[in-house]
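Residues per chain, in single letters:
2 protein chains.
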Amino acid sequence: MALIVQKFGGTSVKDRNRIFNVARIVMNTRNAGNDVVVVVSAQGDTTDDLIAKAAEITSDPSHREMDMLLATGEQISIALLTMALQELGVSAISLTGWQAGFNTDRAYSKARIKRLDTERVESELARNRVVVVAGFQGLNRSDDITTLGRGGSDTSAVALAAALHADRCQIFTDVEGVYTADPRKIPKATKLKEITFDEMLELASLGAQVLNNRSVELAKKYNVELEVISSINPVPGTIVKEETNVEGMLIKGVAKDNDVAVISIKNVPDVPGMSFKVFSLLAQKNINVDIILQSSGSEGKKDLSFTVPLGDAEAAVSALNSAASRFGGGEISVDKNSAKVSIVGAGMQSHSGVASTMFEALFSQNINIKMISTSEIKISVIIDKQDADKAVAAIHDAFIN
Amino acid sequence: MALIVQKFGGTSVKDRNRIFNVARIVMNTRNAGNDVVVVVSAQGDTTDDLIAKAAEITSDPSHREMDMLLATGEQISIALLTMALQELGVSAISLTGWQAGFNTDRAYSKARIKRLDTERVESELARNRVVVVAGFQGLNRSDDITTLGRGGSDTSAVALAAALHADRCQIFTDVEGVYTADPRKIPKATKLKEITFDEMLELASLGAQVLNNRSVELAKKYNVELEVISSINPVPGTIVKEETNVEGMLIKGVAKDNDVAVISIKNVPDVPGMSFKVFSLLAQKNINVDIILQSSGSEGKKDLSFTVPLGDAEAAVSALNSAASRFGGGEISVDKNSAKVSIVGAGMQSHSGVASTMFEALFSQNINIKMISTSEIKISVIIDKQDADKAVAAIHDAFIN
Chain W
1 MALIVQKFGG TSVKDRNRIF NVARIVMNTR NAGNDVVVVV SAQGDTTDDL
51 IAKAAEITSD PSHREMDMLL ATGEQISIAL LTMALQELGV SAISLTGWQA
101 GFNTDRAYSK ARIKRLDTER VESELARNRV VVVAGFQGLN RSDDITTLGR
151 GGSDTSAVAL AAALHADRCQ IFTDVEGVYT ADPRKIPKAT KLKEITFDEM
201 LELASLGAQV LNNRSVELAK KYNVELEVIS SINPVPGTIV KEETNVEGML
251 IKGVAKDNDV AVISIKNVPD VPGMSFKVFS LLAQKNINVD IILQSSGSEG
301 KKDLSFTVPL GDAEAAVSAL NSAASRFGGG EISVDKNSAK VSIVGAGMQS
351 HSGVASTMFE ALFSQNINIK MISTSEIKIS VIIDKQDADK AVAAIHDAFI
401 N
Chain Z
1 MALIVQKFGG TSVKDRNRIF NVARIVMNTR NAGNDVVVVV SAQGDTTDDL
51 IAKAAEITSD PSHREMDMLL ATGEQISIAL LTMALQELGV SAISLTGWQA
101 GFNTDRAYSK ARIKRLDTER VESELARNRV VVVAGFQGLN RSDDITTLGR
151 GGSDTSAVAL AAALHADRCQ IFTDVEGVYT ADPRKIPKAT KLKEITFDEM
201 LELASLGAQV LNNRSVELAK KYNVELEVIS SINPVPGTIV KEETNVEGML
251 IKGVAKDNDV AVISIKNVPD VPGMSFKVFS LLAQKNINVD IILQSSGSEG
301 KKDLSFTVPL GDAEAAVSAL NSAASRFGGG EISVDKNSAK VSIVGAGMQS
351 HSGVASTMFE ALFSQNINIK MISTSEIKIS VIIDKQDADK AVAAIHDAFI
401 N
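Protein chains in written order, with UniProt numbering: chain W, 1 to 401; chain Z, 1 to 401.
Chain W extracted, bound-state conformation (with noise of 0.2 angstroms):
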């Protein structure tokens, strides 16, 4: 008898028969002899309407009013589940983010959990119910309702599986796994078996949108096994945990992302202190700075350039242009038309030739590189937009098939 956690998107409840669908997903692992606690989001566009309904009050609304609204999406999904498990003839029973225990922080839209108390839950899986919890909110030390911010329901079910040390959590989505590549556009990605958690930390955060980073985080903190599986289709899915023993795999995935701005400042002074103030700058204003590239100086003048997201680039270059007198007055310019394309695999450090097969893939398209960035488990490029697809299919080529 094992413990499950089962994760369900808002796309999974958005009506009765997809409702149903969970369900039976459900009612068919507690009928395979394990105990189930269910973890499910609003309802397909709950949360736009609910947002829709205070954007006509107010473009200003209270966070922690906000809260207070954006909970009653996930309150109304675990009712309406847990009235079809019992349908069904489950015995099952819902629980609000604040009865299942989510102690979390103040800082409403996007709170953090401080403590997990299981005791109702237990309590209710002791007495053989399927538990059917409402994700992405708890309560802060006033009681107020509190929700977690985006991504939230996959925290809540890590969170969960982790406090309750269950066997293994399962995030079901509209996809069978965690591919190679991008299956829509490379037709011959095939789906992994299993993948670290810091592989698809790398992966999530280089536009392969399948899991939460804060969830696969967590996850890694407390070594829970997640399964990426999908709610249409829930045959095996991807396995993401701490280390995998696929042989012959070297790289898991090769990842596009389009959200990216160059910005560069030509003509830096060659002083200490420089990138100090450059970055400072950009901290300030909240601004996440990714690849950065430093040209290696003459004349006591140096380029540099960095990316930050696509949206974040005219912040970053007002931001730079105010101060523009602290680095020299040299010349800002910043370039949309770039896009990331990386490759992902915890071995790839040791093995080598891996740089050099991927740079020799995009040789071959006749693709400029523009940046290069590494780390021990992944190798970034930034080069043209319009390439990026064609980069990406000629990487997985390289590498995978």
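You may find that some hints are simply not true.
Listed next, the in silico DSS-like pairs over lysine-lysine satisfying Cα-Cα at most 30 angstroms (straight line) [unchecked claim]:
#, chain 1, residue 1, chain 2, residue 2
1, W, Lys14, Z, Lys114
2, W, Lys302, W, Lys110
3, Z, Lys277, Z, Lys301
4, W, Lys114, W, Lys336
5, W, Lys14, Z, Lys53
6, Z, Lys266, Z, Lys302
7, Z, Lys221, Z, Lys191
8, Z, Lys220, Z, Lys114
9, W, Lys53, Z, Lys53
10, W, Lys53, Z, Lys14
11, Z, Lys390, Z, Lys193
Derived list of chain Z stretches under chain W, where covered just means 3 residues or more per stretch with a C-beta under 8 angstroms from a C-beta of chain W [claimed, not checked]:
#, region
12, 44–54
13, 90–99
14, 277–286
15, 314–321
Hints are computed from structural coordinates only; laboratory data are not their basis. Ideal placement from N, C-alpha and C gives every residue a C-beta, glycine not left out.
Dock chain Z against the given chain W, drawing on the hints supplied.
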């Protein structure tokens, strides 16, 4: 500085404009120097929409899950109204039923308030905030969400006013107060300045659906002064309190109730225990009997007539038929063509001539009286349904105009 509890129903907060209308009423009350606690129901059709969602899943939802589902309706309302208040510059905070301290028994879907812990509400008032509370809901001893059943938000408001020792509890509706008769039918009907709890209870049970009876009973029990007032045109409405001092206003209202069936049993043996047998049979079926008339009897037989709600008539007749032998096999008949017309006024018993004035008014219109029932503060007659409106007008003319 007074403390005022204001309750707004679902129609009053059904959309953005109505929400801001309510927010302005609250703001004006606040700006007049009062502390304000607001109780709101779910928006317009929200509850019906949620019930429809559940009906798609199951024809027999668990009451617990139904309460979990329905409680989201008021939670949406309190968040939106609080946002509107904040948008108008009014410091405000929303509280769910459980946050506001409503502790109930375990009876899902028709829970009764056991205890109200006002600590949180009082601490928010002390911070100069308008407190916006979700009506209709509470928490039972298992920390599970309950709802109070029909008219629950009125009850929530009165309970809060009682526990907080509020100076007044205003129930906002779509009518401007309590009238001497239905103003849509009797153009001369006038709005009452004041009415006693007992008179209000009689009027409500007689078909003048302004206030929920349970909330009036609670207000009477804790001596909470109520005001029935319009949310569209919030001029002074009708005050409901223990004693009124309106001179010369003997009769407070004339009410009509079409929801009446008269059941007759002919030739019941005139022996002890017969009435008990009849009415205990109906009590077992949860059928409320209102007016009872018993003929004086002759030759060891008597006739028994009584009224029940129209919807219960068939059930009553079939229950009686199945046990007809116990009543000597007397003929059982049902009359669905009657109406009950009543006058209500706390002082009528000490004034002679009230009944005769009423009967004279009916006689002047040539209306036949089938049954008569009197109590300390009301006189009811059962007449033909087709005569009911004419009767109300004639009686209203005789007493009020």
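_Unmet hints by their number, sorted upward, for this structure_ = 1, 2, 4, 14, 15
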